[in-house]
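Residue numbering for the sequence shown follows my numbering, starting at 25 and increasing by one per position.
It is possible that part of the hints are untrue.
Claimed, not checked - EDC-like, lysine to aspartate or glutamate: derived pairs with alpha carbons at most 20 Å apart: (1) Lys147 - Asp30; (2) Lys47 - Glu63; (3) Lys50 - Glu143; (4) Lys39 - Asp56; (5) Lys51 - Asp66; (6) Lys35 - Asp56; (7) Lys51 - Asp86; (8) Lys44 - Asp86; (9) Lys51 - Asp116; (10) Lys71 - Asp116; (11) Lys141 - Asp56; (12) Lys114 - Asp66.
No lab work stands behind these hints: they were computed from the structure.
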Amino acid sequence: GDEVVDAKALKAMRKRLRDKVVKAVKKMAHNDRKKPYSEISDGCASKAVAVALMNGLHPKSDTARMTRWVLTGNDVSRFLGIERLVHPVKFDGMVLSFGGAPVHVYAWAAFESLEVKFENASKVLTLKSRTYLAGS
């Protein structure tokens with residue numbers, strides 16, 4: 025039968041994944057032409073835990089080897105439990121600076137998609153997010 029997945033453990037796991045995803049996105053350089061992918065992974069005890077984490081969302085693909093879910097737009101931030109925009113992210117577009125000093129501009133990024141993949145053999149959950157520049 026299905027093992028019972030502890031709600032507290034799920035909450036802690038979601039927070040850990042969220043922190044990792046946000047950190048990875050912030051490190052990625054964004055500009056108006058680039059939509060970078062950020063990928064993080066974390067241990068996940070079982071498929072039941074992964075399924076519970078995904079709140080009953082129907083997987084895109086489900087095989088003996090792995091299960092994959094894809095979220096888009098607002099569903100991504102809703103799943104991660106964060107605001108729609110991530111700030112500050114690194115910006116590497118053109119910036120005009122007066123006086124020649126380098127300007128460190130921080131930008132806002134928004135999620136376009138998030139792929140969540142659980143691999144049965146390794147018990148690893150991989151989250152691959154795609155973000156785009158939402159303003160600086």
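Now the hints, each set against the structure:
1. Lys147 - Asp30: Answer holds: Lys147 to Asp30 is near 17 Å, not above 20 Å.
2. Lys47 - Glu63: Given pair Lys47, Glu63 holds - Cα atoms ~10 Å apart, limit 20 Å.
3. Lys50 - Glu143: It is violated: about 26 Å lies between the C-alpha atoms, which goes past 20 Å.
4. Lys39 - Asp56: 29 Å, violated
5. Lys51 - Asp66: Cα-Cα ~18 Å, so holds.
6. Lys35 - Asp56: 34 Å, violated
7. Lys51 - Asp86: 31 Å, violated
8. Lys44 - Asp86: Since the Cα atoms of Lys44 and Asp86 sit roughly 25 Å apart, the hinted pair is violated (cutoff 20 Å).
9. Lys51 - Asp116: 11 Å, holds
10. Lys71 - Asp116: 39 Å, violated
11. Lys141 - Asp56: 28 Å, violated
12. Lys114 - Asp66: Roughly 24 Å between the alpha carbons, so the hint for Lys114 and Asp66 is violated.
Checked against the numbered hints above, the structure violates hints 3, 4, 6, 7, 8, 10, 11, 12; every other hint is satisfied.
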